[in-house]
Structure formats: C-alpha cells, structure tokens
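Peer 1: Below, each chain spelled out in residue letters.
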Amino acid sequence: MEKTLDTKYTYTEKKDTRSGFGDGFLELGRKNKNVVGLCADLIGSLKMGAFQKEFPDRFFQVGISEANMMGLAAGMTIGGKIPFTGTFANFSTGRVYDQIRQSIAYSEKNVKICASHAGLTLGEDGATHQILEDVGMMKMLPNMTVINPCDYNQTKAATLAIADHEGPVYLRFGRPSWPIFTPADQPFEIGKAWKMIDGKDVSLFATGHLVWEAVVAEAMLREEGISVELINIHTIKPLDTAAILASVAKTGCAVTAEEHQLNGGLGDSVAQTLIRNNPAPQEFVGVDDSFGESGKPVDLLEKYGLNAENIVKAVKKAIARK
Amino acid sequence: MEKHSTEQLQAICSQVRRDILRMVHACQSGHPGASLGCTEFFVALYFDQMKHNKNFNIDGIGEDLFFLSNGHISPVWYSVLSRSGYFDTKELATFRKINSRLQGHPATEEGLPGIRVASGSLGQGLSVAIGAALTKKMNGDKQTVYALMGDGEQQEGQIWEAAMCAPHHKVDNLIASIDLNGQQIDGPTKEIMNLLDLKAKWEAFGWEVIVTENGNDITNVLQSLEKAKSLLGKGKPVLNLLHTDMGFGVDFMVGTHKWHGVAPNDEQLEKALGQLEETLGDY
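Protein chains in written order, with the working numbering: chain X, 1 to 322; chain W, 1 to 283.
Since the hints were made in silico from the structure, they are not lab data. Don't take each hint at face value.
Label-pair restraints from in silico Cβ distances [claimed, not checked]: (1) Lys97/W x Glu124/X: 53 to 61 Å; (2) Ala204/W x Glu302/X: 49 to 57 Å; (3) Ala204/W x Lys195/X: 54 to 62 Å; (4) Gln8/W x Met140/X: 43 to 51 Å; (5) Ile61/W x Lys31/X: 36 to 44 Å; (6) Gly140/W x Pro279/X: 54 to 62 Å; (7) Thr219/W x Gly191/X: 36 to 44 Å; (8) Gly157/W x Asn32/X: 31 to 39 Å; (9) Ala200/W x Ala50/X: 36 to 44 Å.
In this text, a Cβ means the ideal position worked out from N, Cα and C, and glycines have one as well.
Hey, can you work out the whole structure from these sequences and the hints?
Peer 2: Written as structure tokens, this is what we have:
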C-alpha cells in the first residue's frame with residue numbers, strides 16, 4: 001500500500017537500525033582510540049563483531065552479566081575511555097536500572113548505553129524481550145540523554161554523534177529490517193528536532209521506527225487534503241521544546257507516535273511541554289498499558305495500534321478537537 | 001610522601017575514630033560501626049600504601065585508585081581524605097547536612113575531591129574498580145586499583161558477576177578487600193544469610209586470596225597489603241579477606257551490629273571520645 005503512496009521521503013533499501021549502530025561503531029573505532037566496547041553475549045545481535053575483530057584490545061566480552069557490564073563501563077571512563085555497552089534494550093535498562101542510576105547517571109559517567117531490539121518490532125521473541133518502558137526509565141534519570149533514531153542512516157549518524165557528547169547517553173534502536181529513508185550524510189545534532197515536512201493543520205511528532213509510519217501517514221492525509229507538519233524527534237531528552245512549541249503555535253494541535261508505552265514516553269514529554277506553555281489538543285499513538293506478544297513486527301504494530309492507519313486516525317481526532 | 005612510623009599511623013587512626021564519632025553525632029545519623037572497624041585499613045592505604053595526589057583529578061592517571069563499594073562507611077573515608085589533605089577538615093562538620101559535599105553516601109555530583117563514583121546501593125563497586133583497572137591496562141598505566149566491599153554485600157548477585165569477570169580478563173592490577181566483621185544491619189551475617197567459606201569461594205572464582213587475620217592491627221594490615229602487592233602482575237586479581245571488629249576502638253560499640261547505623265547520643269559520644277586520644281586536633 002505504501003508503495004503506491006506519494007510519500008515525501010522514499011526508500012530503495014531496507015536495513016535494520018542495529019546495523020547502523022554496528023557500522024557507526026566500527027567507524028568510531030577507527031576515528032577515536034578512546035572508544036571501547038563491551039557486550040553481554042550478544043555481539044552478533046548488536047552488530048559489534050567488526051569492531052571486536054579490528055580492535056580486540058578495546059573490546060570486552062563480559063558474558064551474560066549486564067549489571068557487571070554497566071559497572072565496568074562506569075569504571076572504564078576513569079582514565080578517559082568512552083565505553084559503549086551493547087545488549088538488548090530490556091537488559092540495558094530494566095535489568096540494570098540501579099546500576100545505571102548510581103554508577104553512571106548520578107556519577108556523571110561518560111557511558112554510551114547502546115540498546116537494540118527495543119519495542120514490539122523485536123517480534124517473535126515476545127513480551128519478555130519487547131521492552132516498551134525503557135525510554136520512560138531512562139528519561140527520568142537526571143544527566144541522561146535519550147536518543148531513538150528512525151532508520152539505518154540516522155542510527156549510524158547518532159552513534160557517531162554520541163561519542164563527541166560528554167555524559168551518559170541511552171541510544172535505542174531495533175531489530176527489524178526497516179526502510180532507509182533519511183540521507184546517508186545527514187548532520188546529527190543531539191537535542192535538535194528535524195522538521196521533515198512543513199504543514200499547517202497538525203504537528204506530528206514521531207520517534208524511532210514510527211517516523212516511517214508517520215511519513216506514510218502524512219501522504220495518506222495529504223490525499224485527503226490535510227496538511228501535516230512532520231517532525232522527527234530523534235532526541236527525546238533533552239527535548240527540543242522550542243521546535244515543538246513553534247510548530248504547535250502554527251498548527252494548533254499535536255500527535256505523538258512512538259514504539260513505547262504511552263506512560264513515560266515521548267508523548268508525555270510533549271504533553272508536559274504543551275501544558276506548561278501552550279495547551280493544545282494532543283493525541284497519542286503508542287502502546288496503551290499492555291505487554292506485547294510474539295508475532296511479525298508489522299502485524300504487531302497493527303494489532304497494538306502503532307501503524308500509519310492509526311496515526312491517520314489520531315491526526316483526524318486531534319484536528320477535530322481544535 | 002613521607003614514611004609514617006607505626007606509632008604515627010596509630011595516632012592518625014585515633015584521630016580518624018574521633019572524627020567518625022563526632023561526624024555521626026553531629027547529624028545524628030550515619031554508620032559508625034564499620035567505619036570504626038575499617039579505620040586501620042583506610043589509614044594504611046592513604047598514609048602508607050597508595051600513590052595518590054591530594055590535588056584531585058578524577059582520571060587519576062599514574063596514581064593508585066581506591067573504590068569504596070560499601071558506601072555507607074563514608075565517615076571513615078571522608079575523615080581519611082580530609083586528614084590526607086584532599087579538603088579542609090572543617091568540612092567534616094557538614095557531613096549529611098543540607099548543601100554539603102559530604103553526602104550520606106559518597107557521590108561525585110557535589111564535587112568532593114577523592115570520590116570517583118557514587119556508592120551506597122550495594123554490590124556495584126567491584127565492577128567499577130575492575131573497569132578502572134582495565135582502563136589502566138589499556139593506558140599502559142602501571143598503578144594499582146584498590147576496592148573495599150562489605151561482607152554483608154557478598155549477598156548481592158553483582159559481586160559474583162564481577163568475581164567471575166576479573167580473573168577471566170586477567171585483571172592482575174587489582175586488590176579487592178572484604179571487610180569481614182560478621183555483622184550486617186539485621187544481625188550477624190551467619191544468621192541473616194550465611195556466607196560460608198568466602199576463601200574457598202573466591203579461590204574457586206580464580207582469585208589469589210590472602211587473609212588479614214587482624215584488620216585492626218595496623219602492622220598486620222600493612223603486611224597483608226604488601227603481600228597483596230607482591231601477587232600482582234601474575235594474571236590474577238587479588239582478594240584480601242580483612243577480618244575486623246565492627247565498632248573497634250570504643251568498648252561499648254565493638255563486636256555488635258547494633259552500632260551499624262546508629263549515632264551516639266551526647267553522653268555516649270563523651271564516653272567514646274574518652275577512649276580515643278586527640279592526636280591531630282579535632283576539626
């Protein structure tokens with residue numbers, strides 16, 4: 001269906017965002033000798049193998065011990081290293097929340113927590129692994145930066161950018177093959193939203209895999225004469241509140257779209273921004289207080305209300321409330 | 001650094017114990033028990049064993065580093081840091097009070113010199129120390145990393161993740177000690193969650209294990225730390241089982257868990273200070 005649509009962004013290739021991380025990480029290894037890697041028995045899944053092969057003295061397999069990995073990473077910063085930890089998003093956050101809180105965030109350590117297989121699109125492994133609360137947990141931590149890029153190219157750009165940022169970062173990406181619709185040479189500025197499409201009827205703020213669904217939704221809505229302003233929120237914290245407020249001042253309503261629980265996600269952050277500055281109708285696309293389940297990524301997005309059709313419905317609802 | 005005699009080190013211990021008691025008394029909170037028990041260990045590290053710089057730099061390149069995992073014994077660390085010149089001893093009076101750099105548990109956020117990572121939530125410090133030791137190796141820095149854990153803390157799972165990791169990665173520039181005082185908040189460790197044979201356990205995990213029979217005898221502590229140093233650089237991390245008495249130095253506090261996290265009242269403070277000579281001048 002999406003192929004027949006006149007989307008403002010198109011793709012010729014699909015790839016997983018974790019490969020964007022892996023390729024960016026290898027490039028970083030060549031550029032910055034202080035970058036080191038740690039992985040908890042998921043080198044293949046995190047695409048960290050090429051870095052490990054090229055820089056074996058700067059890479060540490062730590063086995064299935066994520067708590068220890070977070071502590072190691074915190075300690076490695078003492079003396080100037082920039083550790084990148086790799087495991088699934090579930091084991092990067094919920095399993096090690098207290099370690100991140102005390103040894104990394106409160107201790108202001110320059111650790112990059114790189115988290116793959118986030119959200120429903122992990123697919124068949126099911127709810128034990130499909131974390132949908134990670135953004136909430138991480139954004140609540142003082143000192144933590146939270147980034148959720150949308151495709152291979154943006155994930156690679158984000159991976160390169162976080163090495164130059166002093167302080168703890170949570171970088172969230174995923175497993176499925178996904179359209180590559182952003183440019184390979186894009187600049188990536190942490191905390192700076194990217195207005196992808198100008199519009200006047202509604203502000204659509206999307207993050208992660210759902211940016212592509214938002215691109216599709218924009219084309220569907222345009223066919224119906226609705227003008228959507230699409231903003232790519234790759235950095236959930238710090239949030240680009242100026243960009244959000246400027247857009248909603250123009251459109252008068254907002255929709256947020258994310259592969260995450262509604263509680264604690266991007267939508268919450270946008271709502272706080274609006275309510276404090278310019279209260280406006282807002283609709284939320286995300287998982288509504290439930291766990292996921294096994295299945296194909298696209299089927300799961302449909303079942304849990306996270307695809308382009310759901311974004312279209314949310315947009316119409318938001319506009320009707322103006 | 002000038003070499004201190006045994007008598008000088010003992011005199012410093014007496015003053016540190018006074019500091020600990022006065023700090024916890026002033027705010028009526030904190031953990032005097034194991035602070036008193038670990039006094040000789042801290043004094044041995046900072047006044048004899050470690051190469052360190054009171055002009056603090058968090059990266060500590062070319063220095064020995066110390067990590068405290070059982071962060072609740074912050075009073076002894078703060079006292080020893082200030083008596084080593086990291087900050088003015090007057091600042092000890094701010095311990096656990098609002099707007100202080102001397103947080104209840106050690107932290108970096110307020111910028112207290114000497115602290116490299118926050119601790120208090122138990123079980124995390126050994127992992128951090130291993131990470132710092134690995135960075136020293138990557139940097140070609142030959143200095144040593146020290147860590148201290150509590151014995152109750154051995155009940156945390158992360159300790160054993162770290163215990164497995166350090167020998168695997170041949171972290172042989174690390175000396176970790178366990179304060180074996182046999183007590184934790186709710187009672188003796190034997191009754192709360194029996195640790196059984198820690199020596200056998202750590203050896204089985206691949207560590208060189210040494211035992212300090214009397215961690216409240218400065219000479220014994222120094223001998224052990226020298227022995228530990230001699231075992232470095234041979235492919236294995238070193239674990240020092242440091243037997244201490246909780247509350248050592250004050251007759252009514254020694255050997256019981258009751259003073260783990262309780263501050264003395266005015267009368268008890270006076271009685272305790274009467275047993276400890278003021279050697280360097282109270283803050």
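Peer 1: All the hints need checking, so say for each whether the structure fits it.
Peer 2: Okay, the hints, checked on the actual structure:
Remark: the range hint 53 to 61 Å for Lys97/W to Glu124/X is upheld by a beta-carbon distance near 55 Å. A C-beta distance of roughly 52 Å is found between Ala204/W and Glu302/X, which places it inside the suggested range of 49 to 57 Å. At about 59 Å, the CB distance of Ala204/W to Lys195/X agrees with the hint of 54 to 62 Å. Judged by the Cβ atoms, the range 43 to 51 Å given for Gln8/W and Met140/X holds: they are separated by roughly 49 Å.
Between Ile61/W and Lys31/X the Cβ separation comes to about 22 Å, which falls outside the hinted range of 36 to 44 Å. The hinted range of 54 to 62 Å is satisfied by Gly140/W and Pro279/X, whose Cβ atoms lie roughly 58 Å apart. Checked against the hint of 36 to 44 Å, the C-beta distance between Thr219/W and Gly191/X comes to roughly 57 Å, which is inconsistent with it. At about 33 Å, the CB distance of Gly157/W to Asn32/X agrees with the hint of 31 to 39 Å.
About 42 Å separates the C-beta atoms of Ala200/W and Ala50/X, a value consistent with the hinted range of 36 to 44 Å.
Of the numbered hints given earlier, the model fails hints 5 and 7; all others are met.
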